[in-house]
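Given the coordinates of chain R, work out where chain B should sit on it, guided by the hints.
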Amino acid sequence: MHDRSERITEHTHPSIAAEHRLRYALAAPAIRASARWCDLGCGTGLSAAAALGGVYEGTALLVDREQELADRAATAVDAHQTVAIAADLSTAAGVERVRAALADGTGPLCVTCLETIPHLSDFAPLVALLAERAGEPEHTVVLSVPNDAFWALESPHHRTAWSEGAVAELRTLLPADHVVLHQVSVQGSAILRAGESADAQAPIALSPGVPSHVLLAFGAGAAQLGSGSPAAVVVQADVEAQRREARQRASDLLHLETTVQTLERRLAATPAAPPASDEDGSSDAPAASGHA
Amino acid sequence: MKVAFLLNDLQLSGGVGVVVQHARELALRHGHDVTLVLVREQEAAPWEFDGLAHLHVDGLDDARARHFDVAIATWWETVYSLFELDADRYVHFLQSFEDRFYDRGSAERSAAAMTLDLPVSYVTEAAWIAETLARVRPEAPCLYVRNGIDKDVFSSPASLEVRVGEPLRIVVEGNPDVWFKGVHEAIGVVRAMREPRHLTVVTGDASKIEPGAADRVVGPLTHRQMAELYGESDVVFKLSRVEGMFGPPLEGFHMGATCVVAPVTGYDEYIEHGWNGLVVDWDDVGGSARALDLLARDRRLLTFLRTNALETARSWPTWEQSSTFMAAALEKIRRDPPPPAYAGARQLAADSLLALDTQRLTMHERDEYRRLAKPALRLKRTGAWRVLGRLREHPRMQPVWTRLRPLTRRVRSKLTG
Numbered sequence: 005m006h007d008r009s010e011r012i013t014e015h016t017h018p019s020i021a022a023e024h025r026l027r028y029a030l031a032a033p034a035i036r037a038s039a040r041w042c043d044l045g046c047g048t049g050l051s052a053a054a055a056l057g058g059v060y061e062g063t064a065l066l067v068d069r070e071q072e073l074a075d076r077a078a079t080a081v082d083a084h085q086t087v088a089i090a091a092d093l094s095t096a097a098g099v100e101r102v103r104a105a106l107a108d109g110t111g112p113l114c115v116t117c118l119e120t121i122p123h124l125s126d127f128a129p130l131v132a133l134l135a136e137r138a139g140e141p142e143h144t145v146v147l148s149v150p151n152d153a154f155w156a157l158e159s160p161h162h163r164t165a166w167s168e169g170a171v172a173e174l175r176t177l178l179p180a181d182h183v184v185l186h187q188v189s190v191q192g193s194a195i196l197r198a199g200e201s202a203d204a205q206a207p208i209a210l211s212p213g214v215p216s217h218v219l220l221a222f223g224a225g226a227a228q229l230g231s232g233s234p235a236a237v238v239v240q241a242d243v244e245a246q247r248r249e250a251r252q253r254a255s256d257l258l259h260l261e262t263t264v265q266t267l268e269r270r271l272a273a274t275p276a277a278p279p280a281s282d283e284d285g286s287s288d289a290p291a292a293s294g295h296a
Numbered sequence: 264m265k266v267a268f269l270l271n272d273l274q275l276s277g278g279v280g281v282v283v284q285h286a287r288e289l290a291l292r293h294g295h296d297v298t299l300v301l302v303r304e305q306e307a308a309p310w311e312f313d314g315l316a317h318l319h320v321d322g323l324d325d326a327r328a329r330h331f332d333v334a335i336a337t338w339w340e341t342v343y344s345l346f347e348l349d350a351d352r353y354v355h356f357l358q359s360f361e362d363r364f365y366d367r368g369s370a371e372r373s374a375a376a377m378t379l380d381l382p383v384s385y386v387t388e389a390a391w392i393a394e395t396l397a398r399v400r401p402e403a404p405c406l407y408v409r410n411g412i413d414k415d416v417f418s419s420p421a422s423l424e425v426r427v428g429e430p431l432r433i434v435v436e437g438n439p440d441v442w443f444k445g446v447h448e449a450i451g452v453v454r455a456m457r458e459p460r461h462l463t464v465v466t467g468d469a470s471k472i473e474p475g476a477a478d479r480v481v482g483p484l485t486h487r488q489m490a491e492l493y494g495e496s497d498v499v500f501k502l503s504r505v506e507g508m509f510g511p512p513l514e515g516f517h518m519g520a521t522c523v524v525a526p527v528t529g530y531d532e533y534i535e536h537g538w539n540g541l542v543v544d545w546d547d548v549g550g551s552a553r554a555l556d557l558l559a560r561d562r563r564l565l566t567f568l569r570t571n572a573l574e575t576a577r578s579w580p581t582w583e584q585s586s587t588f589m590a591a592a593l594e595k596i597r598r599d600p601p602p603p604a605y606a607g608a609r610q611l612a613a614d615s616l617l618a619l620d621t622q623r624l625t626m627h628e629r630d631e632y633r634r635l636a637k638p639a640l641r642l643k644r645t646g647a648w649r650v651l652g653r654l655r656e657h658p659r660m661q662p663v664w665t666r667l668r669p670l671t672r673r674v675r676s677k678l679t680g
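Each protein sequence line maps, in turn, to chains R and B.
The opening residue of the first sequence carries number 5 in my numbering; numbering runs sequentially from there.
The opening residue of the second sequence carries number 264 in my numbering; numbering runs sequentially from there.
It is worth saying that the hints were derived from the structure and are not from the lab.
Computed footprint of chain R on chain B; a stretch qualifies when at least three of its residues, placed anywhere within it, have a C-beta under 8 angstroms from a C-beta of chain R:
(1) 405-417
(2) 582-588
(3) 591-600
Glycine residues also receive a C-beta, built at the ideal position from the N, C-alpha and C atoms.
The shape of chain R in the complex, shown without the other chains (with noise of 0.2 angstroms):
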């Protein structure tokens, strides 16, 4: 069954593991170009490493809420040196220890935060941490959130909710020279000979629209990011894998619309349970008196 968790697996659906990895591709100039790269939120590094496509020639924190997670994005990824941390970046604790982590460190560094904020419930301390950073030189900070108007259906793993007004919210708290980058949705379709492999390229005519993700990227690096031409990236779509999932749903909505329907009626049909009697002495229902 399709994972609905967010993470970035090997079974995600193309378009969105597309999705994933073209934010990373947008910072991986900024990554490269620096001798440190903490990714926080990294989740199981595959989009990062997809990204990176190479060896990293510096030192990746990868910081993760869990340590199990952390450890396998530190074998995705191919990095010079890597260092895996458990932190809950929704507390000031965890945001402490990513800054200690940082500490420990010197030389130009990349902040990515891609997809994080949504899923702290507190995101405070955070978001002051990677400020913090646009004031050290050579660091640079990426950080995404989505666009909560573009999607249907509601993420049962957001802690917040995400729209035009909480980016302009959340702009007002990043140093006032900071870029904003909109990752829209394309849509597309190709022909090939039957039966033949093939590496197509084609214009994309973009123009503004809901972003489906807001980019925000400040600090010595920045205004690099998505200079030239814009980044794109085009996937096969999976047309029998999204028909399978879309006959899953609409097969396990009526299973459970009839499983329902069958307990309702066992639950009609059961004869209303007698009161509770208190002659065996064991109700405590109050006394005359009203005392217990």
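Okay, now just chain B, sitting in the frame of chain R:
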């Protein structure tokens, strides 16, 4: 962090409610030591806001003896007490441009406007306030923190109840005595509708609503009762002319009602014409009535707007999220250097001169009126006037005065212009 919110009082009002919500959340969720500082002598017992127990409530005298990391004025009058407190950072939480609540030329209007010239950091709840402030005080730090919605009270339905074949259910709410709320205008528009409708007016004083003007007049209502009412309504109809954050349609959105509104300040924070509501012009009774008629007739459109209204509500922050932004904003204000002492000085000097000119004009007018009134005042001091006064009250003279009334009216009209 030690935080002080300065308030005039703790009486029930939207603005005070917002401050108490932030204060409570900062104390409960972010572990801040929060004090509500009441800058005035209190004449009435405070409203029993939820969560007051988690906060310190002090008078200004007690608060003067303490040190705060951040002191926050929450209403223009409280800005005048802000610097009485010993604090590392001073903040003005701007919920509206409060000078607009007063008549032109009034002392309060000038005094309220001048509070925007002080070297403080700003936190505001509406983008339009932040944008306006950026124009008049471009150098002033301004952080944007939207008000949350209590989603336990304004608890959105899992699915929309689609209504067909019923009159359009409209809610108009607001204080009919406050000119900029446009309550009477809204009632007039509903009266001009042609399609079947059911109008509920929510007001604190039903006597101010003309009998028969609405199908139902209710209020004052608690938040829970308001939520219930919105839940059984199709449209929140507002023709306000001044708003800060414009909360009522948003509360309606949470309960599955769309809105028809005038383009008042704050409407574009979340209302999109043709998507989740309709925007009509002010003073356009016919056009506004037709918009409501359209919704009454076209239930597909009504359902579309209501569905999207609910969707908009979904992405609006809770108070928990809002207070996280407030905590982050206060943290940033504390972390950043304070605004320079001369920040706003140029604007302050200009506003002071303007206030001086206004005062000079008022004094000149007063002197002119005094000169004009001098003969009348002299006449009033004579014995003959006193006798005339006694005669005016005398019962036997009343028929005479009644006959003379047209003449005295004409004389008075000539004298007073």
